[in-house]
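4 protein chains.
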Amino acid sequence: MIRLLSVIGGSEASEEEYRMAEEVGRLAARRGYGIVCGGRGGVMEAVCRGAKSVGGLTVGILPGHTPNEANPWVDVAIPTGMGEARNALVVSAGEAVIAIGGEYGTLSEIALALKMGKKVVGLRSWELCKNGGKLVGGITKADSPRDAVALALEEAR
Amino acid sequence: MIRLLSVIGGSEASEEEYRMAEEVGRLAARRGYGIVCGGRGGVMEAVCRGAKSVGGLTVGILPGHTPNEANPWVDVAIPTGMGEARNALVVSAGEAVIAIGGEYGTLSEIALALKMGKKVVGLRSWELCKNGGKLVGGITKADSPRDAVALALEEAR
Amino acid sequence: MIRLLSVIGGSEASEEEYRMAEEVGRLAARRGYGIVCGGRGGVMEAVCRGAKSVGGLTVGILPGHTPNEANPWVDVAIPTGMGEARNALVVSAGEAVIAIGGEYGTLSEIALALKMGKKVVGLRSWELCKNGGKLVGGITKADSPRDAVALALEEAR
Amino acid sequence: MIRLLSVIGGSEASEEEYRMAEEVGRLAARRGYGIVCGGRGGVMEAVCRGAKSVGGLTVGILPGHTPNEANPWVDVAIPTGMGEARNALVVSAGEAVIAIGGEYGTLSEIALALKMGKKVVGLRSWELCKNGGKLVGGITKADSPRDAVALALEEAR
Chain A
0 MIRLLSVIGG SEASEEEYRM AEEVGRLAAR RGYGIVCGGR GGVMEAVCRG AKSVGGLTVG
60 ILPGHTPNEA NPWVDVAIPT GMGEARNALV VSAGEAVIAI GGEYGTLSEI ALALKMGKKV
120 VGLRSWELCK NGGKLVGGIT KADSPRDAVA LALEEAR
Chain B
0 MIRLLSVIGG SEASEEEYRM AEEVGRLAAR RGYGIVCGGR GGVMEAVCRG AKSVGGLTVG
60 ILPGHTPNEA NPWVDVAIPT GMGEARNALV VSAGEAVIAI GGEYGTLSEI ALALKMGKKV
120 VGLRSWELCK NGGKLVGGIT KADSPRDAVA LALEEAR
Chain C
0 MIRLLSVIGG SEASEEEYRM AEEVGRLAAR RGYGIVCGGR GGVMEAVCRG AKSVGGLTVG
60 ILPGHTPNEA NPWVDVAIPT GMGEARNALV VSAGEAVIAI GGEYGTLSEI ALALKMGKKV
120 VGLRSWELCK NGGKLVGGIT KADSPRDAVA LALEEAR
Chain D
0 MIRLLSVIGG SEASEEEYRM AEEVGRLAAR RGYGIVCGGR GGVMEAVCRG AKSVGGLTVG
60 ILPGHTPNEA NPWVDVAIPT GMGEARNALV VSAGEAVIAI GGEYGTLSEI ALALKMGKKV
120 VGLRSWELCK NGGKLVGGIT KADSPRDAVA LALEEAR
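Residue numbers (numbering that gives the first Met the number 0), protein chains in the order written: chain A, 0 to 156; chain B, 0 to 156; chain C, 0 to 156; chain D, 0 to 156.
In isolation and in its complexed conformation, chain A is listed as follows:
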């Protein structure tokens, strides 16, 4: 079985997020991990592109009914037709999760992953707070793609 890392983030990425996601893809692929993501643009495209640049395998779990909405660096496209309910599958398929930037869809994936007991590493992503901005644990913060991949994979299965 190919070991998988879930990488999540927005379908629109800043230049910095795009570069970070590509680097995460490259580093994870070099460690022998396949990438599983939402299969679309932005961070999802970048991480697939990075992984493919060093021969990694990429899996895209898509919200719609057709593989055509996958970005060009997806090897295995799984169209679900389930919309946002597919987010649970993206994080369920990886041993650990790296979140890069991201909006509400990414936040839902972070929460679902934590609920499943997976390690979630955040790179310029959401933080969890309660009681007037008091940070609460859950997301492991990383400073760089290298740091993120190391943290995500250190406890992986």
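Warning: the hint list may mix true and false statements.
Derived contacts from chain A toward chain D, CB cut-off under 7 angstroms, selection only [said to hold, decoys possible]: (1) 0; (2) 52; (3) 68; (4) 76; (5) 79; (6) 88; (7) 131; (8) 134.
Cut-off 25 angstroms, straight-line C-alpha distance, at most; resulting in silico cross-link-like pairs (SDA-like, lysine to any residue) [as the list claims (entries may be wrong)]: (9) 133(D) - 11(C); (10) 140(B) - 94(B); (11) 129(A) - 11(B); (12) 114(A) - 139(B); (13) 118(A) - 74(D); (14) 117(B) - 71(C); (15) 129(D) - 150(C); (16) 114(C) - 140(C); (17) 118(C) - 134(D); (18) 114(B) - 146(A); (19) 118(A) - 131(B); (20) 129(A) - 31(B); (21) 117(D) - 1(D); (22) 140(A) - 115(A); (23) 133(B) - 115(B); (24) 118(D) - 143(D); (25) 114(B) - 40(A); (26) 129(D) - 40(D); (27) 117(D) - 63(A); (28) 114(B) - 116(A); (29) 129(C) - 1(D); (30) 114(D) - 150(C); (31) 133(C) - 74(D).
None of these hints come from the bench; they were simulated from the model.
These figures come from a predicted structure and were not determined experimentally.
Cβ atoms here follow ideal geometry from the backbone N, Cα and C, with glycine treated the same way.
With chain A fixed as given, assemble chains B, C and D onto it according to the hints.
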């Protein structure tokens, strides 16, 4: 069609959360709204119980395969067998969402609701932060059950 | 908890199917059952209409993201955004299943219900065959709406 | 993108079904297709085993929450936690579908695939009937694994 309000929160509730959820159920039912929730214990039980105490209708969208896991105040039990992926359905079914306390499952529902463009009102619940504990918008904070129901329903459909 | 009967069938119904579905809705509601269906037109509309004509409760589990696609006789609309994957939920929610006419979507629901161990009663609906048209068991054949409701509810929970 | 063929069938397979499924896996992989299936035993195991014997890629979309329930010849395991609702994903991911033997779960996949407009080829599998055992179209009947793969792939995308 019966108008529905989604109420989300943990399957274990503190005494205060339980009382707040019951009150939310009562107030929403008096406004003519049915309650849709995850159908289990804690906040979900309390909100159903409150709604039933004044003759409201309650819908429980359950993670497992059987209606038997519903709390005794659920009128319409929808067993999904989908686990956490059912969270998307709980928030999709209501016109607006009230979150009371809650853990990661609740956070995933908050995020999915915001992604769907629904109003989310929080009562002692999660806050959304970025960049070292800086609060970002999204969740409307309420001080009391009365406040929460008023805020949730003021813009409902 | 309100006991539910799943009624499945095509979104386009012949006149005879429409009349049969209305009658099934009326009879089930008089027996105190709520109706759960796919919430749309044709057989789904007819069964809801029949149930509402005698004060029954109707639940529509919809394929799309919005309650607006429900027929006018749906009381509780559950938009899933899951497309055809919502079919599993329609049959999972009822104690037994009545199939009226129907195309491939209905066949998938029949199969899922049988897989879940539910009783499935067919009214002018699919038959199951193997080995060159040899009928195999599974679906209980009914001759009339009255017969279908009696057969479906005789062993219900 | 790797082109995928969906292969469906029971988690318990007769010796003949097992051999046929292995042969289907080998032939499809030689044609450059990856296999997508439910990831478990019986026909699903056999088709993965056949594909791997000639270097093909195999994807298993699993009903439970953990990759551990995958058979040993699955390369990419997607645990869905969705139970039978995952059947829609298995057929949605392939360009065409081959059904080998199978029980009600397989029948639901056949129906969902036909509903999605996919070509479904049957090898000793279900037949579709109405009106007292009259065969109706939908499933293309194959006589051998070779025949099945040829029929399935001739019109693929």
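For each hint, the structure was consulted:
no., hint, result
1, 0, "holds, 6 angstroms"
2, 52, "violated, 16 angstroms"
3, 68, "violated, 11 angstroms"
4, 76, "holds, 6 angstroms"
5, 79, "holds, 6 angstroms"
6, 88, "holds, 6 angstroms"
7, 131, "violated, 35 angstroms"
8, 134, "violated, 29 angstroms"
9, 133(D) - 11(C), "holds, 22 angstroms"
10, 140(B) - 94(B), "holds, 17 angstroms"
11, 129(A) - 11(B), "holds, 17 angstroms"
12, 114(A) - 139(B), "holds, 23 angstroms"
13, 118(A) - 74(D), "holds, 22 angstroms"
14, 117(B) - 71(C), "holds, 23 angstroms"
15, 129(D) - 150(C), "holds, 20 angstroms"
16, 114(C) - 140(C), "holds, 18 angstroms"
17, 118(C) - 134(D), "holds, 23 angstroms"
18, 114(B) - 146(A), "violated, 29 angstroms"
19, 118(A) - 131(B), "holds, 20 angstroms"
20, 129(A) - 31(B), "violated, 31 angstroms"
21, 117(D) - 1(D), "holds, 18 angstroms"
22, 140(A) - 115(A), "holds, 19 angstroms"
23, 133(B) - 115(B), "holds, 23 angstroms"
24, 118(D) - 143(D), "holds, 17 angstroms"
25, 114(B) - 40(A), "holds, 17 angstroms"
26, 129(D) - 40(D), "violated, 32 angstroms"
27, 117(D) - 63(A), "holds, 16 angstroms"
28, 114(B) - 116(A), "holds, 23 angstroms"
29, 129(C) - 1(D), "violated, 33 angstroms"
30, 114(D) - 150(C), "violated, 28 angstroms"
31, 133(C) - 74(D), "violated, 38 angstroms"
Of the numbered hints stated above, those contradicted by the structure are hints 2, 3, 7, 8, 18, 20, 26, 29, 30 and 31, listed in ascending order.
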